[in-house]
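Now that you have both chains on their own, put them together as the hints suggest.
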Amino acid sequence: MSNVFTIPVVLGIIYSGLRLATPYLYAAIGEAFAQNSGVYNLGVDGIMLMGAFSGFYVGMKTGNLWWGLLAAMGVGLLMGLLMAVVSVTLKAEQGISGIGLYMFGLGLSSLLFKKTMSGVESISGFQPVRIPLLGNIPYLGDVLFNHNLLVYGAFLLVPLASFILYKTPFGLMIRAVGQNPQAADTLGINVDRIRYITVSLGGMLAGIAGASLSISLINLFQENMTSGMGFIAIALVYFGSWRPLGILGGALLFSFVNALQLWLQVLGVNFPYDFAVMLPYAMTILALAISVRRAAMPDALGKPFERGEF
Amino acid sequence: MSTQVLGLDGRLPTGQMRIEEMRMVGIVKRFPGVLANDHVDFDVRAGEIHALLGENGAGKTTLMRQLYGLYRPDAGKILINGVEQHFNSPQDAIRAGIGMIHQHFMLVPSLTVVENVALGLKSSRGILLDLDRVEKRVRELSEQYGLKVDPKAYVWQLAVGEQQRVEILKALYRGAALLILDEPTAVLTPQEVEDLFRTLRQMARDGHALIFISHKLHEVLAISDRVTVLRDGRVVGTRPTHETNKSELAQMMVGRPVILQYERPPAQLGEVRLAIENLVVGGDRGHDAVRNVSLEVHAGEIVGLAGVSGNGQRELAEALAGLRPVKSGRILLCGKDITHEPPGARIALGQSYIPEERLRDGTIKQFSVADNLILEDHHKPPFSRKIFLDFNAIREISERLVREYNVKTPSVDTPVKNLSGGNIQKLILARELSRRPKVLIASQPTRGVDIGATEYIHQRLLEQRQAGTAILLISEDLDEIRALSDRIAVIYEGEIVGIVDGPSATAEQLGLMMAGVREGGQHHLEKIRL
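Keeping their order, the protein sequence lines are chains A and B.
Going by our numbering, the first sequence opens with residue 11, and the numbers climb by one from there.
Going by our numbering, the second sequence opens with residue 5, and the numbers climb by one from there.
Just chain B, with the same shape it has in the complex (with noise of 0.2 Å):
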């Protein structure tokens, strides 16, 4: 795009100079043991929107903290409309006309929007507060911007979406001319993307410089006008993304071609394996979380439970994996009433559990990989022998499943800590599927988890299905449940919205379903659009 469009006296709708040009050049980033950044070199123009496109630990966040003031690069230069740039902190940045929108939202929950926005910045009546005069900007911001939001309103009964565009309305009073987005829509509904991608649309309209960082292809290619591909910390390549395509993307992502669609031969139903019945929970705040939900799952079928994070999600699976208390209602696994049974008998009746949290609910973190993948069954044979463990039959067998499930260790010795996402998540896997369960729970199997890896764990999950285990699948991610999921539930407010046939859902039935609308129906709540 080229500035004449744009207006000529270099100047944004809210007033800051436009940087029609940021360059980041040969960027070095080391952390201990890591070579995050490796001569990286990345640009973006005023009025486009540049993707930035990597796995987890790709180095995309690395290299935007950089830019934004919160790391200092080992060698390379920044450079803003061809002047090089040494920014110590973010304040330096925020002053040079860079804003970020980070991917765990930078807010106080405890504080007003307005006091969130006005934050760390001079005050026109001294050492008074002036948030009068904050909220009318702030208001004149979001009308022009089209994010709404009650400037008054406290942060922490905001939904997600609103707390989004606090953000961003944060970045704009600061006079962002460069708005650098990590993951935003990863918390976010689809209709709520595209709410998002709009007001996006509409910024790179008016001259701002836009970096948006995804792992997500079809966002990408949805939303930018070029995209970098980082991998190990290096960059793949640059293209312009009308000349690209999901496939080529994939490939310089994850190095090697990527299936994006799975075999999926049609289901063969089995008995009732798990059946759910009005069940209520309690969560964190005293509160229902979830509320008077039935589902039953089948031997040979995979139920996929769709929602945005929050939902009841993370109540539901730890009530059914004997975490969490349950209010009323029934489970019944194989027809056995374990509504008040402890984990440890569930696990007896066949069931395995893949937990959201695989640090801190999936593993012992301290223990080693062998430790790690006996947990469940260490009392038993062949790992023990009355009151001894076999340390022979515990080696043999951690190093069969570590090699059979690919798990990237360098011993079956190291700790689980040191081992990547995917790795710590293939071995829980491992744990798992090994014990040949009859009902698998599976908490956002691939959350922060590699396209590798996360195709490794779909096919697994898929083999799981035909050889007759009934599985619930729990994930937010909507691509991962439309392709998995033979009936997908939607989960909204801790109620089961609808439960939909999997292969013929569309992800806009789906989205107004996650929004909280009855299928085929109208409004559930009117507080989502306010």
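For reference, chain A alone in the conformation it holds in the complex (with noise of 0.2 Å):
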């Protein structure tokens, strides 16, 4: 099996990896932004699979892949919007109002792709984009620096996100309604808004995670094509710690893990398909049953903010 293993694969399995990567951390960014703020979103599967609808859609229609990414961003802030007026305004329990907006996400993009489309087809996604001189190094040009502008991005994200949550006066009052809203709120922050915001946010990054697999990474979109990644996003969130860095580390784990058993399958390793497959998830089962600190979670994490209950 030793000689499986050539440079070109260790190449096109970093390569893979950091693409496979990107919906994760679109998903897993919004949600730490959500659950930082003290809400957890279930439904971001399904706003992902509304957001790899719409961008397709759109952009299959206009012939212009940014109206469709700006498509995307739309539905995902609107299902965030809906998630924040349940959750944060009606105080709804969390869990069963996210799993619900997963369902609709579900039905929702089922029901129109087969109202609007014929059958699976595909479009012509973003293209690779060759970053300049870096992209000239030898071997690392090519895996590291050519890829499309949804792939940088959610990797520009991450130090993004960093720095809102830790260097700026609101990523400050996220953290503080997330840990404690009491506090928050008798020193005159809306806790609402912040939450509004937050969970808005989350969706339409939410958003732009499904619209990367179905413009920029597959390039087409079929029923429930997501099957799942937006659960395995959340188990990042958890697994990063609610950090951006730890869910960088957390998500490129999982790709490069995945990415590892389709090469193994493309290669045609002797290695039973099942398993191979399982391997992502079990990989993520394990770390998360390792890993989390749970003294890093959000105090108020999944509890509706009352004023006076203190």
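What the hints contain is simulated information worked out from the structure, not anything from laboratory work.
Derived coverage of chain B by chain A (criterion: at least 3 residues anywhere in the stretch with Cβ under 8 Å from a Cβ of chain A; other residues may be distant):
#1 88-95
#2 107-114
#3 130-139
Positions of the beta carbon are idealized from the N, C-alpha and C atoms, including for glycine.
Here it is, written out as structure tokens:
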């Protein structure tokens, strides 16, 4: 088996790993914003499906992928807003409303797909952009600096999210609202408004995550094409202890293992297919069980805020 | 105090304008089913500490939350320097120069001191945090007011007294000219209380207006210039502090004369009923919360366990009740080793337990009064015969207990959650004491209970002592410990610092021990005063 891992194969694994990590990064970082403010949104996968559909459909109809991306963002934002209304204003049980949102996204995207398209069609998605200079580095240039814009965007989102959460007054407010909303309230911070912003932002990023599948990585739409990626993204938030850098680590680990098993299949290595497919998920469960630092969890996660209950 | 003494320009040392006078006039606040404030008039002036005294539920906190913009009054006016104010949120109140130190600290433990202070404020650097500048100002203020705290420490690392200083700094940083302190001493050692009082007196001298909410008479007498007493949402009266005394204030609070000193005949010691030997118990965060504790309680005595909240009392009580595993050491109940026995076995041997969280651990709040009264003994006569509950007997006995123990409830079918704290506590007392326990573990039996019910509970505990029960009284209320205990053990960081004779112990001596100073010795751990 040792002769399988030639340099081109290793480079190939890294290249696909980075691509595969893209949707997880958007979705998980979006979810991290919401969770740091105290709201968990289990509907991420449903939002991703709607994002994937609207990105694909609008991109195909207009012939302009940017309109598709914008549509995916808009739809994601609206679904995030819906989640915020139900969980922040109406104070519903977040787990249940999230599952509801997931079912809604799953059903609606399938319905729209059947009504608007005759079958699975493909599209020419965002093309790779080679970064000047860096892209010319031997080996690494091809693997790291020759991706499409959505892949770059996902990786730039990590430091950006870190910066917002830890270096700005807005980030401080988000974390305070998630840890002790009563304290934030007594300082005149509008707890509900912060949560509306983070949950909507999370929805928008989940929309982009979906679009990254349908117009930049796989370049087609089919029913339930995420097959649970949104839930893995939520697990990554826990895995990363609610910090963008931790999420990046988790997303890379998961994606590289996934890329590895794909390549093993492609190369025809004699390894049972079912186990290969199972591998990344089994890894995730294992890593979650070992790594989650409950101490890092926002104290008010999942708890609706009501003034006067203190 | 006249304005002249305080300087003429009307400014505080922090540079803020003073609040010369704040008046609340005819404040009415209703909650569903409750009239929390009924035409309350209240005022405070610059340079004054005005105490707001009353039982739990008298409406003190509700009144102050309206001043801080957390609630809006249903009727009445708030005037600052004669100008009417309309506060829609704490932000408005903060802008008007009002600060509030809440009973439960409003801090985010995972953030640093500086981050907590900067929270929600505009940064001088736009979208970037300006923590250096905040830190500099925090250092200045803490210097100015003697509020020692490390600005870079995380709040979860701080002792309770330090957290309170952070709260005060937070208010000062926001330019508070009027400061509301809601039960600020509840979590402090006597020495920390002294430090706090020193700070408060200095602030008053500098021209701040201070409102001090409390239900502790001696503190109110020690710190305030004037006292206003609230009862059932109404103002009973306002007195200059030097013209009043403990018994007058207590009577104003409760509405009838109150016994402040109990008759306590000397203890008739019997055999050792409860023996704790070298007990080690783990805490919630993996550390040892109780460390090598040994203690004996004899029949007919009350042993008080004093200590500041969070020093292992809760874990010890839970281990004694069988609710928390013991790591090492032994517990003997009437000579029998029960270290690893489940709660049921201890109850069967005659141990009763009054838990600190009466709603969570002491009762099932959705159940009726009667159901709660038979929780422990429902499976045996007289409450059941064979496999059936005997409802007639249950009703009869419950009604008798409710009468005997003065539990105020519409009926024995009322869900416990509808009762007041004091009445729930009397209900638990009725259940535990009517079993004629050999050993009683009473954990914070009067926390959050009004003076009237406290007096009643204390009398009942002393009666049990006379009847020969061995009582371990775990309490953070030093007055309670001193009033009831024959011997006092002091716990600090999970260890017994010393055991002293109850009647002769002084508050000073106990306070030092509660801060970790060994009996007659030097400092146990240096970290207390940094």
